[in-house]
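Throw the hints in and build the complete structure from the sequences for me.
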Amino acid sequence: MPHRRTVLLAGLIPLTVGACGSSSSSPATDSKQLVGAGSTLVAPLLSQWQPEYNKQAGVTVAYSAIGSGGGIAQITARTIDFGASDAPLSEDQSKEANGVVQIPWALAATTVAYNVPGVPTELKLTGPLLAEIFLGKVTTWNDPRIAAANPGVTLPALKIIPVHRSDSSGDTYAFTNYLSHVSPEWKASVGTSTEVAFPGGIGGKGNSGVGGAIASTPGAIGYIAISYVLANKLDFALIANAAGNYPVPDVVSIEAAAKTLKSVPSNNEVSIVDPPASAPNAYPISTFTYALVPLKSPKADTLKAFLKWAITAGQKFGPKLDFAPLPAEILSADETTIARIEN
Amino acid sequence: MTTYSSGTPVAAVRLSSARRTAVDRAGDPILRGLTWLASAVAIVLFVALVYKVCDLAGESFSHYGLSFIGRETWNPNPSTKTYGFGAADFLFGTAVTSFFALLIAAPTSVAIALFLTELAPRRARRPVATLVELLAAIPSVVLGLWGLIVLAPIMSSTIEPALHAVLGWIPLFSGTPSSVGILTGVVILTIMTVPIVSAVMHELFGTVPGELKEAALALGATRWEMVRMVMLPYARSGMVGAVILGLGRALGEAIAVALVVGNADAIHTSLFEPGSTLASHIAAEYQGATTSLQISSLAYLAVILLALSVIANLIARLIARRAPLRLGAGVGGPE
Chain P
3 MPHRRTVLLA
13 GLIPLTVGAC
23 GSSSSSPATD
33 SKQLVGAGST
43 LVAPLLSQWQ
53 PEYNKQAGVT
63 VAYSAIGSGG
73 GIAQITARTI
83 DFGASDAPLS
93 EDQSKEANGV
103 VQIPWALAAT
113 TVAYNVPGVP
123 TELKLTGPLL
133 AEIFLGKVTT
143 WNDPRIAAAN
153 PGVTLPALKI
163 IPVHRSDSSG
173 DTYAFTNYLS
183 HVSPEWKASV
193 GTSTEVAFPG
203 GIGGKGNSGV
213 GGAIASTPGA
223 IGYIAISYVL
233 ANKLDFALIA
243 NAAGNYPVPD
253 VVSIEAAAKT
263 LKSVPSNNEV
273 SIVDPPASAP
283 NAYPISTFTY
293 ALVPLKSPKA
303 DTLKAFLKWA
313 ITAGQKFGPK
323 LDFAPLPAEI
333 LSADETTIAR
343 IEN
Chain Z
10 MTTYSSGTPV
20 AAVRLSSARR
30 TAVDRAGDPI
40 LRGLTWLASA
50 VAIVLFVALV
60 YKVCDLAGES
70 FSHYGLSFIG
80 RETWNPNPST
90 KTYGFGAADF
100 LFGTAVTSFF
110 ALLIAAPTSV
120 AIALFLTELA
130 PRRARRPVAT
140 LVELLAAIPS
150 VVLGLWGLIV
160 LAPIMSSTIE
170 PALHAVLGWI
180 PLFSGTPSSV
190 GILTGVVILT
200 IMTVPIVSAV
210 MHELFGTVPG
220 ELKEAALALG
230 ATRWEMVRMV
240 MLPYARSGMV
250 GAVILGLGRA
260 LGEAIAVALV
270 VGNADAIHTS
280 LFEPGSTLAS
290 HIAAEYQGAT
300 TSLQISSLAY
310 LAVILLALSV
320 IANLIARLIA
330 RRAPLRLGAG
340 VGGPE
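Chains as they are written, first to last, in the working numbering: chain P, 3 to 345; chain Z, 10 to 344.
No lab work stands behind these hints: they were computed from the structure. Predicted, not measured: the structure shown is a model, and the values here were computed from it. One or more hints might be untrue.
[Stated by the list, open to error] Computed far set for chain Z versus chain P, every beta-carbon distance over 10 angstroms: (1) 72; (2) 76; (3) 78; (4) 100; (5) 123; (6) 124; (7) 127; (8) 135; (9) 148; (10) 174; (11) 180; (12) 217; (13) 220; (14) 227; (15) 230; (16) 267.
[As the list claims (entries may be wrong)] Incomplete in silico selection of chain Z near chain P, CB under 10 angstroms: (17) 86; (18) 166; (19) 184; (20) 187; (21) 219; (22) 223; (23) 285; (24) 294; (25) 297.
Glycine included, each C-beta is placed from N, C-alpha and C at the ideal position.
So this is what it looks like as structure tokens:
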């Protein structure tokens, strides 16, 4: 009998523990330590910041890349000192979080990679075409609309398999935000979020899940962090911007997009996808990622110093991870917001 | 397992009570206390877990009621019109992957178990049995990675095109071969369930009385006839129990499946298309869930999965009670 009971319990416990396993340690009261959690997109940058800031300021920054949603939930519950999210807080979230402000602290881009045997890299695509592909309306690679954008390229009669992130992601936010800007139908039916209901295709977990699916599936196309595409030598598409150019996604073209920013609203929610035609070399799918900070924090001074460092000196660690430096408008808006944090 | 044992230690009988120290005398109550405590913790933990998951699912339950089970939408974007949640896609994915995995795993396991009990040379039995059981020791995330990196490309380049060429007229094998998808998930689940099911069946066949087998052979039965007319009927109910035990594992597997199943919230007839299971969907989405209704709906999926696992385990136990051996000895449940 004992055996059977063990089998029963052993079968159930891991399942359910896994389902609700979000840790909730309370923030350490030691002001030499900051605890943060959230976005996976910004995690590589934070792991550069952690040892460097510890060396310079003697402050340990602990960060768990549990996903933007987890970061929002934990900062709302005040179990951490700062959260990180790739999407700005929604109205409801902002209300619920009660006194949490968002600070754009890193600028990243999402690229579109594909796997079409016989087709070279840097295939040209337009935004509306990309929306049609992900809506499942353009279904084969030799579709006349893809051919029209790529004269001289021989396209195979291969089925297009769109690949998306199955987990919540800043890349999904940037990509769906872009498609919502260029396609009214996308905006109405799918919309913008870190996680949406894609009309079809394959879902992969994390950049590596999407990258793996693209690499192993002929006909696949998917959006994926720029650093992953470069590191794994995937073929990537050039996306037309509003000026009709096809800029290569890199720190320069991301910065060009960020420079189109004219003003920052009081809640610091900024979007730079599909920048205006006045910026001829701007990359169209860039996004800001945010730190979420309570205005009243028991560790206000430590927190303020760290944020200040992150948006200034910390930015120089960005480019080699394909994060572009923050534009001046964002910097000054951030500084104003950081100054409001108090004990 | 030791936590459930109780009773008088056998060795103690021979000790004369006069020579016992105080520590020895305290041994019995301490042992009893510790074993009680351990058992109580396990039970309390189980009840608390079930309560917490159900509690978390409350919002979704009061929002959708039981219609959640049949709803096909899973749209986590609150700013769209179709925002809402339902379990149908994932129930379908779980049913299809588990069914086909067991459809392949059950006969394979019977074959392995028969080979080990009847056909393998005596010296080869132990090592082969150990190796098969070792398959169960591979961490599921490792198997999932292997599935994504090694198996998936083979599925899309070789296995699925071959199936499509021969059986393409069956809707199950229509469509375009794809690296990740339901069928790749099925293969991974098969690999995970075979060691469990075959280990139980191996033990089961070992319990068939030698006299019966010898009697059949003495009456002139061939080995095949002996297997068909003596062993299989003798072990039948236990075999069903073993398969259901495998089902328990297949239902609950999350990580390995999430890596290879394609994670699409959709219902397709073709096995080449991507899908999602209850467990893989919870694993993929829980971390990033933003609205409380989404978190609650994921918990609702967990409640459904919990119920299915409990039912599968109860059925396996019920069958095992009538079977000639204790099912599950030395075999774990879902990871």
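Verification of the supplied hints:
1. 72: holds, 16 angstroms
2. 76: holds, 18 angstroms
3. 78: Correct as stated: the minimum Cβ-Cβ distance to chain P is 18 angstroms, above 10 angstroms.
4. 100: holds, 16 angstroms
5. 123: holds, 24 angstroms
6. 124: holds, 25 angstroms
7. 127: holds, 25 angstroms
8. 135: holds, 22 angstroms
9. 148: holds, 12 angstroms
10. 174: Its Cβ never comes within 10 angstroms of chain P, the nearest being 17 angstroms, so this holds.
11. 180: holds, 17 angstroms
12. 217: holds, 20 angstroms
13. 220: holds, 27 angstroms
14. 227: holds, 35 angstroms
15. 230: For residue 230 (chain Z), whose nearest Cβ neighbour in chain P is about 34 angstroms away, the distance exceeds 10 angstroms, so it holds.
16. 267: Violated, because the least Cβ-Cβ distance between residue 267 (chain Z) and chain P comes to about 6 angstroms, which does not exceed 10 angstroms.
17. 86: holds, 4 angstroms
18. 166: Interface hint status for residue 166 (chain Z): holds (8 angstroms vs cutoff 10 angstroms).
19. 184: Hint on residue 184 (chain Z): holds, closest Cβ of chain P at ~9 angstroms, below 10 angstroms.
20. 187: holds, 6 angstroms
21. 219: violated, 24 angstroms
22. 223: Check failed: Cβ of residue 223 (chain Z) comes no nearer than 30 angstroms to chain P, outside 10 angstroms.
23. 285: Status holds, d = 8 angstroms.
24. 294: With a closest approach of 7 angstroms, the residue 294 (chain Z) hint holds.
25. 297: holds, 2 angstroms
Violated hints for the displayed structure, listed by number in ascending order: 16, 21 and 22.
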